[in-house]
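The listed protein sequences correspond, in order, to chains C and W.
Take 1 as the starting number for the first sequence in our numbering and just add one per residue.
Take 1 as the starting number for the second sequence in our numbering and just add one per residue.
Quick caveat, the hints were computed from the structure, so don't treat them as lab data.
Treat the hints loosely; a few may be bogus.
For identical chains, the list gives no copy identity; a pair is met inside one copy or between any two copies.
With a straight-line cut-off of 25 Å between C-alpha atoms, the simulated DSS-like cross-links for lysine-lysine are [to be verified]: (1) LYS165 to LYS267; (2) LYS77 to LYS225; (3) LYS124 to LYS240; (4) LYS77 to LYS35; (5) LYS300 to LYS267; (6) LYS218 to LYS145; (7) LYS188 to LYS145; (8) LYS300 to LYS73; (9) LYS29 to LYS165; (10) LYS77 to LYS4; (11) LYS218 to LYS194; (12) LYS4 to LYS96; (13) LYS73 to LYS35; (14) LYS27 to LYS188; (15) LYS145 to LYS4; (16) LYS27 to LYS194; (17) LYS188 to LYS73; (18) LYS29 to LYS4; (19) LYS165 to LYS73; (20) LYS96 to LYS218.
2 protein chains.
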Amino acid sequence: MDNKYDVVIVGGGPAGLSAGIYTARDKLKTLLIEKGIIGGKITEAELVDNFPGYPQGISGLELTGKMHQQATKFGLKELNAEVISVEVDNERRVVKTTAGDFIARALIIAGGSDWFKLGVPGEKELTGRGVSYCSTCDAPLFADKHVAVIGGGDTALFEALHLAKFAARVTVIHRRDEFRAFIAVQEKAFAEPKIELLLNTVVEAIEGQDVVQRLRLKRADSGKKYVLEVDGVFIAVGLKPNTDYLREVLPLDEQGRIIVDSGMRTKVAAVFAAGDIRSNSIRQTIAAAGDGAIAAITAKNDIEQ
Amino acid sequence: MDNKYDVVIVGGGPAGLSAGIYTARDKLKTLLIEKGIIGGKITEAELVDNFPGYPQGISGLELTGKMHQQATKFGLKELNAEVISVEVDNERRVVKTTAGDFIARALIIAGGSDWFKLGVPGEKELTGRGVSYCSTCDAPLFADKHVAVIGGGDTALFEALHLAKFAARVTVIHRRDEFRAFIAVQEKAFAEPKIELLLNTVVEAIEGQDVVQRLRLKRADSGKKYVLEVDGVFIAVGLKPNTDYLREVLPLDEQGRIIVDSGMRTKVAAVFAAGDIRSNSIRQTIAAAGDGAIAAITAKNDIEQ
Chain C
1 MDNKYDVVIV
11 GGGPAGLSAG
21 IYTARDKLKT
31 LLIEKGIIGG
41 KITEAELVDN
51 FPGYPQGISG
61 LELTGKMHQQ
71 ATKFGLKELN
81 AEVISVEVDN
91 ERRVVKTTAG
101 DFIARALIIA
111 GGSDWFKLGV
121 PGEKELTGRG
131 VSYCSTCDAP
141 LFADKHVAVI
151 GGGDTALFEA
161 LHLAKFAARV
171 TVIHRRDEFR
181 AFIAVQEKAF
191 AEPKIELLLN
201 TVVEAIEGQD
211 VVQRLRLKRA
221 DSGKKYVLEV
231 DGVFIAVGLK
241 PNTDYLREVL
251 PLDEQGRIIV
261 DSGMRTKVAA
271 VFAAGDIRSN
281 SIRQTIAAAG
291 DGAIAAITAK
301 NDIEQ
Chain W
1 MDNKYDVVIV
11 GGGPAGLSAG
21 IYTARDKLKT
31 LLIEKGIIGG
41 KITEAELVDN
51 FPGYPQGISG
61 LELTGKMHQQ
71 ATKFGLKELN
81 AEVISVEVDN
91 ERRVVKTTAG
101 DFIARALIIA
111 GGSDWFKLGV
121 PGEKELTGRG
131 VSYCSTCDAP
141 LFADKHVAVI
151 GGGDTALFEA
161 LHLAKFAARV
171 TVIHRRDEFR
181 AFIAVQEKAF
191 AEPKIELLLN
201 TVVEAIEGQD
211 VVQRLRLKRA
221 DSGKKYVLEV
231 DGVFIAVGLK
241 PNTDYLREVL
251 PLDEQGRIIV
261 DSGMRTKVAA
271 VFAAGDIRSN
281 SIRQTIAAAG
291 DGAIAAITAK
301 NDIEQ
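Chain C extracted, bound-state conformation:
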């Protein structure tokens, strides 16, 4: 496999695929490196109904499958490997991966983000056995069951609304005394009779024999502890950008996302970022794809100058 490319893209979600469509179409020799499955986190979405151009909606898997096909048609090469580190000097950018080193004239980082963990006893042990981070993926497994959703933002309430289509009862547990979600989303959730809310409440542990059976909870105000019996728990406390390996290389914002200008340039020459991983991202597929195109065009201009 060649190890020198005009452009190396890290991450195969909508941002990386869009960047690859643009650079490959412009006849830049491009390698896309993805550690998991091509398509990224949005592949978990059963229905994406707000990607402009698909009025009936489309699954995340199908949408990114189409982007993948398009990029491949234009000549994008890809590699299934994890990026270990990036070394940058004036001349070149070296991307060290589990499948070898690659040299790029321009590097586009589009590695997205992962779900934050709650970090309580039982969470890791029971993941996939009642603990989930993706209601779209797992909601049907909890038909007529009682599930909890942990979190107070849009994602938490969207997950609760989605789960209410399947479960008998959905308890949303949030450590603060009010939700951060948009008012319209809150109103929808409050109007759903299957959804009940536990504010000022902290999860201390997830317990169960083989599968989730109960949560150990504590009231944040009174300190009172008690147990809630549930069949599943969906953790929706946010996303962590995949930038740990970049801390020494690129300036990041306080959430660990890569700081970019309007052309998706980072502070380091010929290194670009696009999608959820960049600062101020709205974390929407259409915006990630837009970012990817911008990064690609800026990269092309910068390296051809």
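The hints should help you fit chain W onto chain C, whose structure is shown.
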């Protein structure tokens, strides 16, 4: 017709439609105002093959038709009218149009840009009869003919390369002594045997009986005048953002485009811009649609705060 809206969007191209999909879906009462046809300039494109999600390509008309259908499904209202002026104070934004005044809590300006005209005799009279501003639209009409392209930037040379697939001979005419296009694009154009270059040359008139037959040219250096027989002329001298009515209201950049931050906020509270009309736009459909979503989400957050 109601005259008060949560969000008024000016312009019905990909940026405006995407913004409308987002705000209407979020149950913000939204009016989109378009002076021409819904879809914008991209409706002239026969084949858009780099919009991520359509691996076989799609016509600009069909793509924006789908976006339109999607926005309408979510409840977007629309109005065919021209915006005359915008008045902004702390409380509200008043949009004065040829069909009355509308009051918005948030205003998203996505009015795109128009092709610059050459401004020579014959240009207007022969438009659609040999004079074109869009090779993607009209190139097939000039199979085995001789066409001229006027301009010296990327667009001009891209148009020339595209036309060379159809025409027998393509003459690129540029008033300066060198091209502004990217070197890689120039090299491609210079390597194409069907393309010839006339530098230091100005078009003084476009002439013909019913259809384009010849150009009256003048050398910029020697002043020598002569005639070039052609069957068509493609004018590619740039785009003019539709911001004339905003000069007193919003800070614009030197090209007349609206200055925005990463959330598509202008310098004026609750006024946003998206797409080709904003500064630093890459003028691509996917990026315009991304901008629209960003403007919509920022607008929602700002007015609901």
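Hints, verified against the model:
For a Cα distance limit of 25 Å, the shortest separation of LYS165 from LYS267 qualifies neither inside one copy, at 45 Å, nor across copies, at 41 Å. Taking identical chains as interchangeable, the C-alpha atoms of LYS77 and LYS225 are never at most 25 Å apart, the minima being 54 Å within one chain and 51 Å between chains. When the C-alpha separation of LYS124 and LYS240 is checked against a cutoff of 25 Å, the pair qualifies only within one copy, where the shortest distance is 17 Å, while the shortest distance between copies is 56 Å. Within a single copy, LYS77 and LYS35 get their C-alpha atoms as close as 14 Å, which meets the 25 Å cut-off; across copies the closest is 43 Å, which misses it.
With identical chains, the CA atoms of LYS300 and LYS267 are at most 25 Å apart within one copy only, with a shortest distance of 17 Å there and 30 Å across copies. Taking the shortest alpha-carbon separations for LYS218 and LYS145, only the intra-copy value of 23 Å comes in at or below 25 Å, while the best inter-copy value is 80 Å. Within a single copy, LYS188 and LYS145 get their C-alpha atoms as close as 21 Å, which meets the 25 Å cut-off; across copies the closest is 62 Å, which misses it. In the homo-oligomer, the alpha carbons of LYS300 and LYS73 lie at most 25 Å apart inside one protomer (19 Å), although the nearest pairing across protomers, at 38 Å, exceeds that limit.
With identical chains, the CA atoms of LYS29 and LYS165 are at most 25 Å apart between copies only, with a shortest distance of 24 Å across copies and 46 Å within one. In this assembly of identical chains, LYS77 and LYS4 lie within 25 Å of each other by CA distance solely inside one copy; the values are 12 Å within and 51 Å between copies. For the identical chains of this complex, LYS218 and LYS194 are intra-copy neighbours only, at 23 Å inside a copy versus 77 Å across copies, given an alpha-carbon limit of 25 Å. Only within a single protomer do LYS4 and LYS96 lie at most 25 Å apart by alpha-carbon distance; the minimum there is 12 Å, versus 56 Å between protomers.
For the homomeric pair LYS73 and LYS35, the shortest alpha-carbon distance inside one copy (21 Å) is at most 25 Å, but the shortest distance between copies (37 Å) is not. For a Cα distance limit of 25 Å, the shortest separation of LYS27 from LYS188 across copies, 11 Å, qualifies, whereas the shortest one inside one copy, 48 Å, does not. For the identical chains of this complex, LYS145 and LYS4 are neighbours neither inside a copy (53 Å) nor across copies (42 Å), given an alpha-carbon limit of 25 Å. For a Cα distance limit of 25 Å, the shortest separation of LYS27 from LYS194 across copies, 21 Å, qualifies, whereas the shortest one inside one copy, 54 Å, does not.
When the C-alpha separation of LYS188 and LYS73 is checked against a cutoff of 25 Å, the pair qualifies only between copies, where the shortest distance is 19 Å, while the shortest distance within a copy is 43 Å. Proximity of LYS29 to LYS4 under the C-alpha cut-off of 25 Å is restricted to the intra-copy arrangement: shortest distance 9 Å within a copy versus 51 Å between copies. In this assembly of identical chains, LYS165 and LYS73 lie within 25 Å of each other by CA distance solely across copies; the values are 20 Å between and 39 Å within a copy. For the identical chains of this complex, LYS96 and LYS218 are neighbours neither inside a copy (44 Å) nor across copies (56 Å), given an alpha-carbon limit of 25 Å.
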